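Peer 1: The task is simple: from the sequences and hints, build the whole structure.
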Amino acid sequence: MTESSREAPDTAIVPDGETALDAHVPQNAEGFSGEIKVASRIVDYLSSGLYESPGACLKELVNNSYDADATLVEVFVKPDADQIIVADNGTGLTREEFERHFQRVSESHKRDETDTTSELARPKIGRIGIGMIAANELCERMRIYSTVKGKAWLLCVEIDFQAMRGDLEERRDENDEDQIKKGDYSGWEEPTDPEAHYTRIFLNRVRGDAQEILSGAREDTHTAGQRSLYGSGPEGMVQCLDGDDPPRSWTDFDEYSQAMLEVGLNVPVRYSEGWTPSPIRRRLKTFERGVDELGFAVNYDGTDLRKPIVLGRNEHENMVKLFEFEGERVSARGYFFAQRTTIHPEDLNGVLLRIRNAAVGDYDRGWLGFKSSQNPLIQRWVSAEIWADDRLEAALNIDRRTLRVTHPAFVELQKAFHDAFASMLAAARAKLYQQRSERRRADAARSELVRIERVARDAGVTLPPTVFEAVRQNGVDQLDRRAVRRALAKRSVADIYELALEVAEAELPPATYRRFAAALIERLLR
Amino acid sequence: MVQPVDAAMAEERPEKQTIRALWVECVDEIVEADGREPVYLTLCGEQGLDVEALVEQGLLRRHPSSLAIFEEDAHKVVAVEARPDAQLKIRRRFPGLKLVPESFANLVRSENMTSYPTGDHWRWCRARVVNLDLNSPLQIESREHQLVFPQLAWVEKLARIHAQPSHLDWTLCLTLAAQIEWEAEIEHHVKTFLAENLGAEGRFRETAERLLGSKFLAGIEPSAAGLELSSLEAFDQQRLLMALVPKKVAHVCATLGWRIETRRNLCYGGSAERAAMATWILKFRWDQRASTEPTALYRESAAAAIESPGFLSEEGEIQPLSGR
Numbered sequence: 001m002t003e004s005s006r007e008a009p010d011t012a013i014v015p016d017g018e019t020a021l022d023a024h025v026p027q028n029a030e031g032f033s034g035e036i037k038v039a040s041r042i043v044d045y046l047s048s049g050l051y052e053s054p055g056a057c058l059k060e061l062v063n064n065s066y067d068a069d070a071t072l073v074e075v076f077v078k079p080d081a082d083q084i085i086v087a088d089n090g091t092g093l094t095r096e097e098f099e100r101h102f103q104r105v106s107e108s109h110k111r112d113e114t115d116t117t118s119e120l121a122r123p124k125i126g127r128i129g130i131g132m133i134a135a136n137e138l139c140e141r142m143r144i145y146s147t148v149k150g151k152a153w154l155l156c157v158e159i160d161f162q163a164m165r166g167d168l169e170e171r172r173d174e175n176d177e178d179q180i181k182k183g184d185y186s187g188w189e190e191p192t193d194p195e196a197h198y199t200r201i202f203l204n205r206v207r208g209d210a211q212e213i214l215s216g217a218r219e220d221t222h223t224a225g226q227r228s229l230y231g232s233g234p235e236g237m238v239q240c241l242d243g244d245d246p247p248r249s250w251t252d253f254d255e256y257s258q259a260m261l262e263v264g265l266n267v268p269v270r271y272s273e274g275w276t277p278s279p280i281r282r283r284l285k286t287f288e289r290g291v292d293e294l295g296f297a298v299n300y301d302g303t304d305l306r307k308p309i310v311l312g313r314n315e316h317e318n319m320v321k322l323f324e325f326e327g328e329r330v331s332a333r334g335y336f337f338a339q340r341t342t343i344h345p346e347d348l349n350g351v352l353l354r355i356r357n358a359a360v361g362d363y364d365r366g367w368l369g370f371k372s373s374q375n376p377l378i379q380r381w382v383s384a385e386i387w388a389d390d391r392l393e394a395a396l397n398i399d400r401r402t403l404r405v406t407h408p409a410f411v412e413l414q415k416a417f418h419d420a421f422a423s424m425l426a427a428a429r430a431k432l433y434q435q436r437s438e439r440r441r442a443d444a445a446r447s448e449l450v451r452i453e454r455v456a457r458d459a460g461v462t463l464p465p466t467v468f469e470a471v472r473q474n475g476v477d478q479l480d481r482r483a484v485r486r487a488l489a490k491r492s493v494a495d496i497y498e499l500a501l502e503v504a505e506a507e508l509p510p511a512t513y514r515r516f517a518a519a520l521i522e523r524l525l526r
Numbered sequence: 001m002v003q004p005v006d007a008a009m010a011e012e013r014p015e016k017q018t019i020r021a022l023w024v025e026c027v028d029e030i031v032e033a034d035g036r037e038p039v040y041l042t043l044c045g046e047q048g049l050d051v052e053a054l055v056e057q058g059l060l061r062r063h064p065s066s067l068a069i070f071e072e073d074a075h076k077v078v079a080v081e082a083r084p085d086a087q088l089k090i091r092r093r094f095p096g097l098k099l100v101p102e103s104f105a106n107l108v109r110s111e112n113m114t115s116y117p118t119g120d121h122w123r124w125c126r127a128r129v130v131n132l133d134l135n136s137p138l139q140i141e142s143r144e145h146q147l148v149f150p151q152l153a154w155v156e157k158l159a160r161i162h163a164q165p166s167h168l169d170w171t172l173c174l175t176l177a178a179q180i181e182w183e184a185e186i187e188h189h190v191k192t193f194l195a196e197n198l199g200a201e202g203r204f205r206e207t208a209e210r211l212l213g214s215k216f217l218a219g220i221e222p223s224a225a226g227l228e229l230s231s232l233e234a235f236d237q238q239r240l241l242m243a244l245v246p247k248k249v250a251h252v253c254a255t256l257g258w259r260i261e262t263r264r265n266l267c268y269g270g271s272a273e274r275a276a277m278a279t280w281i282l283k284f285r286w287d288q289r290a291s292t293e294p295t296a297l298y299r300e301s302a303a304a305a306i307e308s309p310g311f312l313s314e315e316g317e318i319q320p321l322s323g324r
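These protein sequences, in sequence, are chains A and B.
When we follow our numbering, the leftmost residue of the first sequence carries the number 1, and every step to the right adds one.
When we follow our numbering, the leftmost residue of the second sequence carries the number 1, and every step to the right adds one.
Just so you know, the hints here were simulated from the structure itself, not pulled from any lab data.
There could be a bad hint or two in this list.
[Said to hold, decoys possible] Covered stretches of chain B, as calculated for chain A (at least 3 residues, CB under 8 Å):
| no. | region |
| --- | --- |
| 1 | 66 to 73 |
| 2 | 79 to 90 |
| 3 | 97 to 105 |
Values in this document were obtained by computation on a predicted structure and should not be read as measured data.
Positions of the beta carbon are idealized from the N, C-alpha and C atoms, including for glycine.
Peer 2: Shown next, in the form of structure tokens:
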């Protein structure tokens, strides 16, 4: 964009307070305009209701930048989200590409030529090209500035989504009733540096609820807390997510932060440094490296956004199991992480599926349909990520959040996953639950035996050293199960009474025995 | 002779650094006393050097790891910028800074006195310090046989906005290039305007003579043969502006309740390499005399405006400006 002297007066004052798009149009620029249409009623519905949150819309725009080979995407939302900027250094759009795409959205232009991006050969995330229409759920007006390397032209377009708020039938194209008008656009091209390449999207007149949510200004305390990630660096984020006072849930954060977390979870950004302790990290290095090699970064209001996945920093009893599956219809690899306690934040409990490096929805606590009655406690201790190959994409629903459970690729993956998960649960139970449980019981047994020994010693009784010697010399691990069981056996008062009388009758004279019995019951019942 | 304005280069120069320090002083004087209302409204440009100066002075805090502006401070500064590329650069430098993505003209609803901003736009216009670092020439237009000074009309609107209950004392920082496009009608009006008080107010004549020189004053008298303002050298254009602008501002604002203290009336540049510029820091103080003695208030403000003019050397030092 060309520099111009600051504050040249605008003679065209736009009634709603915005600068007119043509305030900066060069004199000899050729303008153009048109209508954005979607291919069918269904896609029209979908492109208006695909995204369950403003964060999901932002995520879509960021993934678009990824598909454009961007290595850096900047997202600016604060302080009050009345304007949102998503700017990338990707390959950009020419006017022809823009018009070809937007004049009939969802004709699958996106994967027309190739399944991978042109420069970096990344597997493209978007399929049917409705991602940019996500912006219509956030704002009334979107401005796009984009230029392609090697072309000396900057594309400048404004899209007015207000037109699409009207009745569906009124928006139907009278020449082609299969097309629904989605918005109006107008724009121009102006000369620019041919070496430049970028796309900058300015979302103006952000819609009320979206603005409140994205800025964290909404005061509904039932959906959000007070913690905030605004201003944090990557280390700060790790501390917020798993520091001395970790949140139980991402809903402990304000909605601004929840949107940030949603974006970070979904798009192909890197993991944080120290996201998991070194021993675990070494085992997961392949996955971390795979993400690093994508070379994709997002800067969110100055924060270098990373995956909000932080595991095992505060719970040292943990384990990792890798998952690898090569099937006829799908292949997948990933990991299970289990720890001794419930995973917090709870949003990381479940399995997160990724296709083409983008997450499919959130962590699934249903474990792809695994029965909840099997080791329910242990299920809450596990977090997993699975990267599936492209073949699973055929099972992906258009919302990119759910899968068709009847699709053969999904069915195959589900079976393999469930087998691995069941095995993981059993291993976690044995290592993290039973072993610790046994250790705890042995500790308790030792305490009991030490106490008995002291009582006997105080009474001047010398007992055989067998069991006690093992405790004294070798610690609790040497206690056998029988000894532990006996030491921890629960007995009632009557049991103790009977046992004592049995021994007393065998060892004492009758008169003494009777006095002992009376004194004992009195003592036991005091 | 009109020189091109080298706005970008001017930002880093010592003169500009001195001016920036003066702006920061204005903000520093009031920032602690303020509540949640905007403190500083600025046309900071893509460099945002004045905002950076506020950060350096600790008046605006940032998170060290992300450079994002503290949320608690976000209300203090409002940047106004219409150009998208500059908006992006400002956001990169100052994530979380309040940025109004439109022109200042749009923000104040142009120079039309019947149309005013509303809601948040209104609130931002009532910032305690407004910095119109315009870096462009004073615009003078002839519309329907009336001379309109659009930028000074914005100032008048700001004065009206601040005068609304409860009125807020405020400070205007204004910077203009001393390159007026003189047309005959404009020249005549300016000369008439400047001359009108010379007979009526001795103090103003005295100070005007010191600033502009007696030959100039003689040249603008109605009876004079005619000094062609378009033929003035850059240095004289600057002085003319230094007299004209605060006088004009005082003229439109006196009836609105404002007494204007001219804290600074400075010029700088004006050589082959540096565009001729003028800059002012004007403090608007609410004065009850406006309703009973507006003329006296106006004359007082106008005369005081040019009592202590100065110029900024290339090294950034403020020196008194003597007459010629």
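Peer 1: If any of the earlier hints don't hold here, list their numbers in rising order.
Peer 2: none
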